[in-house]
Structure formats: structure tokens, C-alpha cells
Amino acid sequence: MKNLIKTTTFLLMLLAVSCSNPPASNEEVADLENTRPKGQASVVDDESAKNILQIAAGSPDHTTLVAAVQAAEIEHVLVNAGPLTVFAPTNAAFDLLPEGTVSDLLKPENKGTLATILTRHASPGSYDVPALQKLVKKGFKLYMATGDYLEITQEGEDVFVGGAKIIGTIQTSNGIINVVDKVILPE
Amino acid sequence: MWSISSCQDGSGDKKGALGSNIAEKVYVAPGEHDEFYAFVSGGFSGQLAVYGLPSGRLFRVIPVFSVDAEKAYGFNEETKPMLETSYGFVPWDDSHHPDLSQTNGEIDGRWCFINGNNTPRIARISLQTFETEEIIEIPNSAGNHSSSFVTENTEYVVAGTRFSVPAPQVDMPIAEYKGKFKGAMSFIKVNPEDGHMNLEFQIMMPGFNYDLAHPGRGKSHGWMFFSTYNTEEAHTLLEVNASQNDKDFIAAVNWKKAEEYMAAGKFKEMPADYRHNVYDESTHSATSNKMTTVKVLDPTELPGLVYFLPTPKSPHGCDVDPSGEFIIGSGKLSASLTAHSFPKMLAAIESESFDGEAYGIPILKYEDVVGGIVEQAGLGPLHTEFDGKGNAYTTFFISSEVVKWKLGTWEVVDRQPTYYSVGHLMIPGGNSRKPFGKYLLAMNKITKDRYLPTGPELTQSAQLFDISGDKMQLLLDFPTVGEPHYAAGLPASLITENSKKYYKLEENNHPYAIKSESEAKVVREGNVVHIYMTTIRSHFAPDNIEGVKVGDMVYFHVTNLEQDFDVPHGIGVIGANTSELLIMPGQTETFVWNPKKVGVWPFYCTDFCSALHQEMQGYVRVSPADSNIELTWSLDDE
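One line per chain: the protein sequences are G and C, in this order.
Each residue of the first sequence is one higher than the last, beginning at 1 in the working numbering.
Each residue of the second sequence is one higher than the last, beginning at 1 in the working numbering.
Read the hints as simulated data drawn from the structure, not as lab findings.
Treat the numbers as computed from the prediction; the structure is a model and nothing was measured.
By construction, the Cβ of each residue, glycine as well, lies at the ideal position given by its N, Cα and C atoms.
A few of these clues could be false.
[Claimed, not checked] Pulled a few chain C residues facing chain G out of the computed Cβ check, cut under 10 Å:
#	residue
1	Lys-500
2	Lys-501
3	Tyr-502
4	Glu-562
5	Pro-585
6	Phe-608
7	Cys-609
8	Ala-611
9	Glu-615
Starting from the given sequences, assemble the full structure and let the hints guide the process.
Pasting the structure below:
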């Protein structure tokens, strides 16, 4: 698609050069791709209740997660109408990974892998802890945005998703953040 | 090769948009914003359409005087009172002339007013919410046409009657019209804090037709000018019988004088029957109040209140230039335009140089008050606005053109055809001290072949001109909603900062609002069932309801718990004899359902709200009228 746009722009520029009356500025047309670089995440809104991305970005415990979301260029997913439940590993959770894993994942060539890992921390729907406990009772698994199903388990009041323990829950305008103590990795 | 042939096309006789810079001038790139808002009357749709200029993109149709199933306006319990009148619930009107609130003669971006022509009413629309907040009915009026024009500090909105009628109404022969019918001019006071309107007084004028009006400004502040026709007082075949007089009048009304007379108690209190409907943002509900009297001033007994300015041939527009010096009369059967001079008018009044009187109201001498004439400007002048740079722009219906001329020298400097037969035009701020003379919007009456055909009924068209240069340049042609009689425009920056994003749940005082899912309940009172329901992405609470019976009157009171910009939810239930609801974040709305058939009936969200929108649904079990199924409600079986 981008190539197509480039080709078209090139043709239009040819047209501009060969005509005495140039058409509407082609630079403007090309700039359109840059007006909303982060999709819906570019929307400025300080009045509405905060969405998942805005809350995560304001949390000192989630700087690694937010950096990873930015590196994977999936910010727009976290501001989408949702509803979405995000299992948000803390910085400490990322620190548990083997040394070098995070810095490796943040490399541009691993963008796809990183996006998949992060997307596997999100479930379409609104699941706070009571809702997850209900799933446990019903014997349901949790459907994740990547298409896999994760096991939910309960020990006392504690709920674990894919082995990660939920240590806090935040309601947001477009869904729920469950803070977890581990990064959920494919089995 | 392709590019070369394009060039040859572009250099032909008919230069396309790409051959000039026209396309660029109206191109608003995806994601970018228009420079101006245009509020364009919906005419016989009864609504008000909101466009962006220069793109001509339609943003919203604000329901005002007509029901709108899309927005549940006039269908939900909250807004039904907005359309109550002394004649009962009236679901339609003919909206004509929007005008914007002003402070010190400049557009202030607070409210838009518009008149309902058929069942006389004035509405006020909030420019924070783009919702109709208030409608006041006008008694003693009929064909509320010379409305709804705003004075320089929004002291008043005026509403003059087009049709004179017996006032008070009485059973009498139509042929006895002359001398007995009256034309009420209503002055509606606007509260500067909240915009609430009150019919302060009416001036009971002779039985002419009052067509349009515009406020004095600057030096003429305190005066209001109304055009009249049918000064012949004909009651039949007006197209012939009301075109006999060489001149009709512009009525100059000194409303500051009227205020003095009001303060001195010189009014008569007259029984009247009209409604005043107010929408309260805090309860998200409207109430309709019955009003029973109106204060009336009699200009035949109160000197200095009204003067008549003779004006050729059934004037339509009566437009005041930004300085307030000239009042432009557009005699719609005349070829010339008359510019009355306000200072000359004052001098003539001072010297009492009158040319007789009509029903006790002094008529000024035409030659004493004329400040200039634009000779042979075109055929069928209707309406004039100004660019703030000394130029005026007048529409001509018969010759189908917009004509640009100079104030003071009265010379025509440009003319451009319109397609076809233009009515009014609008320059943002063109009816104020400070016009933004960049664009002109011409609103046409006839469309014919302008767009792809759509059968016998066609959209009407608006045409955008660039007026920043010496010559007007046609930029764009776009379809409109209903009939665009008139419009008002302003720079977008006056609105965007204050535009509301959502309603705060904690400020929701709707009597049936609930603030959380845990408060969801169903209450039976005899055969009336109240469902207290919530919506949030992506479910209703409750979504299973049992124990409803055939013949019940079921109220769905639905609160949208979202607190996020642009996340409305809707709801519709099978067989409801009303519209859906479309509920903004933080808002509560109600519709009534009368279940007629036994069974289990679904309801669902009608606005694609979220990724799981299609899952947002529920069921109501309806049992026979004599069943004793217990009333229960649940979400996820709890």
C-alpha cells in the first residue's frame, strides 16, 4: 500500500513538473500519513475518564511495559473502544526474565514478536477479579487477543492467569487493567 | 504519457478544479478541521444542520422542532415535553432563520436561536452540547417568519408575525381583515447567565405581513428593523392584491423606548395561551410550562415607539451594515436596493417631517431617510450581508446571482451566477459588527440538474464563494438538509474549546438514574413496570428480565455509565411503538414499551459501541396478563 502511495505521488509530481498550473500540493498529500502516527492514540482528551494506555503511561511501575508497547507500535489497541482487559506485568515482572530478553525484544527487528507477546496479555472483554473467579467456577478458560486460551486458576482469593498472579486491578474508561507479577510467555 | 494528456485537458476551455487552485481552497485534509462552523436552517425538516466550511462537510443535524428517531428526540420521555404547544404535541415545524448570540455586537459562540414558522416558536440551542435546550411558543402570532434575530448583546430575540391574525383570536369573517387583524412583534428577553428566554412584551402592530428583521448595532443599537409587505392588508390572492402599493415599509422599532414604556407600566396584560419548554441538562429531562398572559404595548398610543420607513416593493431582507449606519431594504419586486440612513432617520424624526401616518404610526418621508440606492443591481433582491471591508453582497432570486457592491458609493463591483435562484446568503459574522469576510454561502432554492438525479425530489444546494479577493470565486457546491432558508456562521475556535465531551455521572440528577450496576432493579407499580438499567461496554444490567405481563406499561430507564468521549450506547426492543434510545455517556433516557404478545423478546444495543457490541443484548420474558410469574432480573444469572 505504501509503495502504491509512493508511486502515485511520484506520478503526480511528474504531472506537476510537466504542467504550467500545478495541482494541489503533493507534499500535503504525502503528509497525511503522518498526521495521526499513532492512530486513535493521537487523540488529545484530558476530560474523559482515563483509558488503559493513559493509566499505564502514568504508572511508575509499568515503564517497561509502556516502552514495549511503544516499540511494538500497538498504542492504538490500548485506546480502542474495547472493552479490553490487560494483564499488565510490572517492571519487576520484566526483571524476572533472563538477562538481555527485554533489550532484545525492544530491537526493531523483533517488533512482530514483541507485539505478539504483548497482545497475549490482553483479552477482549471486561474481567476484573470477581469476573475471573466466576470463569474459574464455570470452568472456562480466558480467550486472549492472540487467539489462544489461557488457564485461570485460583488459590484462596488469589487469581492466576497463565501462571501470573494478579496483584491489583484498575478500572479504566475502556476496560480493566489487572496488574500481574510475571510476564506471560508461551508455554 | 498519461500526465501529458492530463495537461492538455487542463489547458482546455473548461478548466477543471485541478487546473486552478479551487480544489485546494476547499480541501480539508483527513483529520484536519474546518475553519468555520455553518448553522444552516433545515427549512421544512424543522431542524438545524451543522456544516464545516470550507469543506461543506455535514457534522450533525440538530433536532429542534421535529421529532428525530435517530436521536430519540420527541420519542423518549425526556424530550417529548420539548414539542408540547398550546395545540398539544406538535411533531414538526418549518425552521427558518438561525441567529447566533452576540456580546458587544460580536458573535460570542454561546447559543444559536432559530424560529419555528408554522406553529410559532423560538428555540435556543446550546453550542456546548449542540442540543436544543429551550423552546418558547409565541402567542398572537402566525407564521413566525421575521424571527429569530438577536440584538447586539443578546438582550432580546425578536419574533415578528408574517401572517396578521385576530389578536386575541375570534370567530369573524375573513373579509373583515382590514383594520381588525393585528401583527404581533414579540421581544423575548434572554437571561445572560443561562440563556433562558422570557416573552417580555409584544408590540401589537397593524395587520401587515412582517417578513424579516435585523437589529441595529453600534450607533443604531437599541433599534430593531422589520420589513413589511401587504401594507394593502389584502386577505386573498396576495400575489396580486399585496403588490399594489409602490412602497411598503421597514418598521423601525425603538426597543429601548419600549423598555421605558414597560417600566412606566404603559402595557396591557392580555390573556394568552402558550408553552415554555426547558430542557435541564442536570436531569437530562425537559419540562413544559403553561403560560397564561402576555404584556402588550400599543404603538398607536405610545409615541416614539415605532416609525415607518417607506421602502419600494414588498421588501424581504432588511439588513444592517456592520457600522449600524445603513439599513438595506431589498424590495423583492424591485430592481434596485434601498439603503436607509440611520442618522437621517433620526434627523427626520427630530424635525417631525412626516409623510402622514398609518394607524397612528408616523411615516417618514422616503427622500428624507434614503442614504443611497444601488440602481438596477439585479432582479428580485432578497437579502444582504457584509464582509466588514466596506462591501455588501446581495442575493437576487429572479436573476439568480450574488451581487457585490460598495457601501457609500453604491456601485456594483462584481456579480456571480448561482445555480439556481438563490434565497439567502451567509457570511460568517455577516450579521454582526465584526464579519469574517472570507467565505460567502449562497443557499439556493432550485436544484434541477446540479447533482445526480434522485427521482422527483431533489436536495437543495448551497454554494460556497471565496470573497477574499476583488472578484467572488465559486468554490464548492454541496447538498443541504431540507430547505436552507438562512444560516449563521462563526470561526470554529469560538466553539471548539467549550464543546462538551460527555456528561458527568455524578452530576446526573435524572429521577430514574442509577450510578452503578449494583443498583439495577425492576419495580412494579400496578401494571406499570420501571426497569432501572445500565449500559457499559459491552452489556446491559440487567439483561434477563422475567415477570413482565401482556398489557404492562414498561419503562426502560437506561443510564449510560461510560465516562468517555464518543461512547454512546443505544437500545431498541422488538415491537416498541417508539424509537430507539441513543444515550450519551453519563446520560439517562427512557422509552416506553407496551408488550402485546406472550413470549421472550430481545433488546439490543443499536450503536456499534465496542468490539463486543454484537454481544450487547438481553431478553424480556412476557407472560399472560393473568400469570403469576415473579418479577426477577439478572445479569449472568446473578
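For each hint, the structure was consulted:
no. : hint    : in the structure
1   : Lys-500 : 9 Å, holds
2   : Lys-501 : 5 Å, holds
3   : Tyr-502 : 6 Å, holds
4   : Glu-562 : 7 Å, holds
5   : Pro-585 : 8 Å, holds
6   : Phe-608 : 9 Å, holds
7   : Cys-609 : 7 Å, holds
8   : Ala-611 : 5 Å, holds
9   : Glu-615 : 9 Å, holds
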